[in-house]
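There are 2 protein chains.
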Amino acid sequence: MKAITVKQPGGAEQLQIEEFAKPDPRDGELLIKVKAAAVNRTDILNRETSKGYLNNPILGVEVAGIVEEVGAGVEIEVGTHIMGLVNGGGYAEYVVMPAERAMVIPENLSFEEAASIPEVFLTAYQTLFWIGHLHADENVLVHAGGSGVGTAAIQLAKQIGQANVITTAGSKEKLDFCRSLGADVEINYKEQNFDEEVLNATENQGVDLILDFIGASYWSKNLESIKVDGRWVLIGILGGANLENVNLMELMSKRIQLTGTLLTPRSDEYKAALTAEFSAKTLDLFGNNTLRPVVDQVFAFNQIQQAHEHMENNKNIGKIILKVG
Amino acid sequence: MKAITVKQPGGAEQLQIEEFAKPDPRDGELLIKVKAAAVNRTDILNRETSKGYLNNPILGVEVAGIVEEVGAGVEIEVGTHIMGLVNGGGYAEYVVMPAERAMVIPENLSFEEAASIPEVFLTAYQTLFWIGHLHADENVLVHAGGSGVGTAAIQLAKQIGQANVITTAGSKEKLDFCRSLGADVEINYKEQNFDEEVLNATENQGVDLILDFIGASYWSKNLESIKVDGRWVLIGILGGANLENVNLMELMSKRIQLTGTLLTPRSDEYKAALTAEFSAKTLDLFGNNTLRPVVDQVFAFNQIQQAHEHMENNKNIGKIILKVG
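From first to last, the protein sequence lines stand for chains A and B.
According to the UniProt record's numbering, numbering within the first sequence proceeds without interruption in unit steps and concludes at 325.
According to the UniProt record's numbering, numbering within the second sequence proceeds without interruption in unit steps and concludes at 325.
Just chain A, with the same shape it has in the complex:
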């Protein structure tokens, strides 16, 4: 089978297509004929710093496809259309997946749409509800509203959380799209001071919850934007990781709960439990178009270099998809 690996740690030009043996599903695993895989920032990090993910030399952490073969103890039928997270190996014609990560694709969705769901919607679900404990009628600030996780978080916070959603993005096009997904307040961070706008929108109270994919460059404004006793979930560092000046008293006097998190390195058990709860709460809503996967652009398998470059340019609204089968 054809699969995408990294020659040497570096830029998109290091990506290559290689020939591999089709993997065998072990007990509790599925072999999937991959129809579409999605591109994630973790793939770019793995491309730049190592070769592949975990011990898998093949990139890619989420796919949509057709069950080709099942290992012992698996009750999913061959031929089922499924989507889900994999432990690397997603950029390939075939990949194995633990059966408890598999989600049945609602019939109204294409494989490209389905491949755009698992990583961003599971991350958004985990951070909004498991870590962020979002309640109805609370105010949540979703940064990078046009990003993959941002577009998922806006929808989940609105449709499942019944919250008031404030979002930031850098263009009118992105902000209009965020509104179409359900955002209540849209802030152009290039033209406005988002902390002032957040305070205006919350009667000077600030938000109950921040979903922060930005990190260092937004630190001070996030501190201004958060309510006393607010929760702040740090899930990305698009604006840098290094802070030169932190006053811990500010965290104490506002009684802030700051939680750092990453989904990809978590245990199989965690991902299985998250997948189960997420599926129960959302698959019907995808099925009736209340929740919408957001596909920015679909690239052919041999256009993987362009697909990575497109993500690195930060021009996308929603997910970048690799069409495989």
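Mixed in with the good hints there might be a few duds.
What the hints assert, rightly or not - Under the rule of at most 20 Å between Cα atoms (straight-line distance), these lysine to any residue pairs were calculated in the SDA-like manner: (1) K254(A) to L243(B); (2) K254(A) to L262(B); (3) K254(B) to L238(A); (4) K221(B) to L243(A); (5) K158(B) to E191(B); (6) K254(A) to Y270(B); (7) K254(A) to K158(B); (8) K33(B) to L243(B); (9) K221(B) to K254(A); (10) K254(B) to K254(A); (11) K254(A) to N242(B).
It should be emphasised that the hints constitute simulated quantities derived from the structure, not laboratory data.
Once you've looked at the hints, dock chain B against the given chain A.
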């Protein structure tokens, strides 16, 4: 009545005894004839930066004494011996207290012992259980084990939390005392690298929970000492508030939950709920000496300057008490 106020923001020499009218209890309040009050760091901060606490020019946030008079709707009887938090005004012969903060003093305790309970034991209870979610058999790191909150936290983590308690202090005398309170592992931070000792004591996993009264000077070692998915509660900045170099990726890759908190500024409702739960869980244990208030030294009312200086010298093990009535 006599009460202690601040002439001008500054050192202990600014403390003075003044004559005030006895306060009147409003609906839902008690008037207490104060027998003992405790000295807290918040009193020193208020002495240095302002005059009194909230709108109360009289210092002091916790007392033990005898109910002298009750406002409408209060069911506690005149003459009851009670201890609890007050909204300032504790360094005085009489003070008012919301009735729902009043805890009946177990008969085996003196007023001086009782006055040493509310602030530190409620803070330790809140941070260990409400914020830190400590579970049985988890490892908890309690810094400043000889401090007021430290001595309370060691006992509560052990007796109520059934946890494994690791503590740090700066002298053999303090560490021996911590052991007598139930600590399992004692680390002299002046002679040992506490992070290395914590990893040795936890099979290189780190602790599930850190109670941090230190802040900036322990930041890096706390990061080393905490387990993946660990909780870190920041409740003091004895080692400074300002960090010059924070790498947010470290919070994300260890998936740390860092929560800043302060007890004193919280709402009446919060303190009432905390007092109710704490009383139900602990008063019997104080009554049978399973939990022990820790009194370092008792000062006479007119020795308040020496009492503040004693706290500022960091020599105390446990609480510094002002004998009032």
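Evaluation of the provided hints:
1. A distance of roughly 17 Å separates the Cα atoms of K254(A) and L243(B); the hinted pair therefore holds under the 20 Å criterion.
2. At most 20 Å may separate the alpha-carbon atoms for a hinted pair to count; K254(A) and L262(B) meet this at roughly 9 Å.
3. Straight-line distance between C-alpha atoms of K254(B) and L238(A) comes to about 18 Å, which keeps the hinted pair within the 20 Å bound.
4. With a CA separation close to 18 Å, the supplied pair K221(B) and L243(A) stays within the 20 Å bound.
5. About 25 Å separates the Cα atoms of K158(B) and E191(B), which puts this hinted pair outside 20 Å; it is violated.
6. Our distance criterion of 20 Å between C-alpha atoms is met by K254(A) and Y270(B), whose separation comes to about 15 Å.
7. Between the alpha carbons of K254(A) and K158(B) the distance comes to roughly 29 Å, so the proposed pair goes past 20 Å and is violated.
8. For the given pair, K33(B) sits about 44 Å from L243(B) by alpha-carbon distance, which is inconsistent with the 20 Å threshold.
9. For the suggested pair K221(B) and K254(A), the alpha carbons sit about 24 Å apart, so the restraint of at most 20 Å is broken.
10. Distance check on the hinted pair: K254(B) and K254(A) sit about 23 Å apart at the alpha-carbon level, beyond 20 Å; violated.
11. Taking the CA atoms of K254(A) and N242(B), the gap is near 16 Å; set against the 20 Å cutoff, the hint holds.
Checked against the numbered hints above, the structure violates hints 5, 7, 8, 9 and 10; every other hint is satisfied.
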